[in-house]
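K.L.:
In case you want the letters, here they are:
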Amino acid sequence: GAVVSQHPSRVICKSGTSVKIECRSLDFQATTMFWYRQFPKKSLMLMATSNEGSKATYEQGVEKDKFLINHASLTLSTLTVTSAHPEDSSFYICSARGQGSYYGYTFGSGTRLTVV
Amino acid sequence: AQSVSQHNHHVILSEAASLELGCNYSYGGTVNLFWYVQYPGQHLQLLLKYFSGDPLVKGIKGFEAEFIKSKFSFNLRKPSVQWSDTAEYFCAVSGNNRLAFGKGNQVVVIP
Numbered sequence: 001g002a003v004v005s006q007h008p009s010r011v012i013c014k015s016g017t018s019v020k021i022e023c024r025s026l027d028f029q030a031t032t033m034f035w036y037r038q039f040p041k042k043s044l045m046l047m048a049t050s051n052e053g054s055k056a057t058y059e060q061g062v063e064k065d066k067f068l069i070n071h072a073s074l075t076l077s078t079l080t081v082t083s084a085h086p087e088d089s090s091f092y093i094c095s096a097r098g099q100g101s102y103y104g105y106t107f108g109s110g111t112r113l114t115v116v
Numbered sequence: 117a118q119s120v121s122q123h124n125h126h127v128i129l130s131e132a133a134s135l136e137l138g139c140n141y142s143y144g145g146t147v148n149l150f151w152y153v154q155y156p157g158q159h160l161q162l163l164l165k166y167f168s169g170d171p172l173v174k175g176i177k178g179f180e181a182e183f184i185k186s187k188f189s190f191n192l193r194k195p196s197v198q199w200s201d202t203a204e205y206f207c208a209v210s211g212n213n214r215l216a217f218g219k220g221n222q223v224v225v226i227p
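Protein sequences, first through last, are from chains E and Y. Sequential numbering from 1 applies to the first sequence in my numbering. Sequential numbering from 117 applies to the second sequence in my numbering.
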């Protein structure tokens, strides 16, 4: 149980275009979803926290208008990287937390974004 | 906000050696503690977690961790590692609806 599906796993896009990444909880309702960015040789950096039906809470230094997060249902959250630039190239990972403490935090498999 | 520190980013050891990875955190409130593992080319997996109760937590694949509240620590241990334990290990602390990660330990086990 507690599976999170993240799609796509890899994406290459041209500079200036937008890319949407989906994160789905397959067998539980995710009341809270988290989006992280992982740089090479570095840890996961929390970008934002989203609760279903409300606006996402962004961490300091993360541009809200650039990284649009939508959490419209209890099983789906999306991250849209708008007007992508090469410096946005990174590994993005989502995490979902269900109700109660049983599920802990379940991670998606990540999305490797390359902006050319 | 909570912060997590992991030491000895790169660890190289031989099979059958014992492994201990340190994790210290700073947060004034109630915390839940986690260790995650990321094998090469794979996504993060939960190794073990501590919410309450016995401070010695046993996880999958022979790993265990001990929560020492007075030291704000949650060190990960495995008595005898295998080549398949080569991976990156992350300590994480949750509190106030946030999950903060340490910088990770890159562990390489030599056959």
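Be aware that one or more of the hints could be misleading.
[To be verified] DSBU-like cross-link-like pairs, simulated, lysine-lysine; straight-line CA separation at most 30 Å: (1) Lys20(E) / Lys219(Y); (2) Lys185(Y) / Lys66(E); (3) Lys42(E) / Lys219(Y); (4) Lys55(E) / Lys219(Y); (5) Lys42(E) / Lys187(Y); (6) Lys194(Y) / Lys177(Y); (7) Lys64(E) / Lys219(Y); (8) Lys174(Y) / Lys42(E); (9) Lys42(E) / Lys165(Y); (10) Lys55(E) / Lys66(E); (11) Lys194(Y) / Lys64(E); (12) Lys42(E) / Lys194(Y); (13) Lys177(Y) / Lys42(E); (14) Lys55(E) / Lys177(Y).
[Stated by the list, open to error] Counterexamples of contact, computed for chain Y against chain E with all Cβ distances above 10 Å: (15) Gly178; (16) Gln198; (17) Phe206.
Quick caveat, the hints were computed from the structure, so don't treat them as lab data. In this text the structure is predicted, and so the values were computed from the model without any measurement. For glycine and all other residues, C-beta sits at the position ideal for the given N, C-alpha and C.
K.L.:
So, for every hint listed, does it hold in this structure?
P.N.:
Status of the hints after comparison with the structure:
1. Proximity of Lys20(E) to Lys219(Y) is assessed by CA-CA distance (about 27 Å); at most 30 Å being required, the pair is judged to hold.
2. Restraint check for Lys185(Y) and Lys66(E): not satisfied, since their Cα atoms lie roughly 39 Å apart, outside the 30 Å limit.
3. At roughly 6 Å between alpha-carbon atoms, Lys42(E) and Lys219(Y) fall within 30 Å of each other, so this suggested pair holds.
4. For a cut-off of 30 Å, the pair hint linking Lys55(E) to Lys219(Y) stands: about 28 Å separates their Cα positions.
5. For the proposed pair Lys42(E) and Lys187(Y), the alpha carbon gap of about 25 Å is at most 30 Å, so the pair holds.
6. Straight-line distance between C-alpha atoms of Lys194(Y) and Lys177(Y) comes to about 9 Å, which keeps the hinted pair within the 30 Å bound.
7. Restraint check for Lys64(E) and Lys219(Y): the C-alpha separation of about 24 Å stays at or below 30 Å, so the hint holds.
8. For the given pair, Lys174(Y) sits about 27 Å from Lys42(E) by alpha-carbon distance, which is consistent with the 30 Å threshold.
9. A distance of roughly 22 Å separates the Cα atoms of Lys42(E) and Lys165(Y); the hinted pair therefore holds under the 30 Å criterion.
10. In summary, the hint linking Lys55(E) to Lys66(E) is supported, as the alpha carbons are separated by about 15 Å, within the 30 Å threshold.
11. Under the criterion of a C-alpha separation no larger than 30 Å, the hint pairing Lys194(Y) with Lys64(E) is inconsistent with the structure, at around 41 Å.
12. At most 30 Å may separate the alpha-carbon atoms for a hinted pair to count; Lys42(E) and Lys194(Y) meet this at roughly 23 Å.
13. For the suggested pair Lys177(Y) and Lys42(E), the alpha carbons sit about 25 Å apart, so the restraint of at most 30 Å is met.
14. With a C-alpha separation of about 39 Å, the suggested pair Lys55(E) and Lys177(Y) falls outside the 30 Å cut-off, and the hint is violated.
15. The non-interface label for Gly178(Y) is consistent with chain E: the shortest C-beta to C-beta separation is roughly 20 Å, beyond 10 Å.
16. With a minimum CB-CB distance of about 23 Å to chain E, Gln198(Y) clears the 10 Å threshold, and the non-interface call stands.
17. Chain E draws Phe206(Y) into its interface by the beta-carbon criterion, the shortest separation being 7 Å against a cut-off of 10 Å.
Comparing the model with each numbered hint stated earlier shows that hints 2, 11, 14, 17 do not hold.
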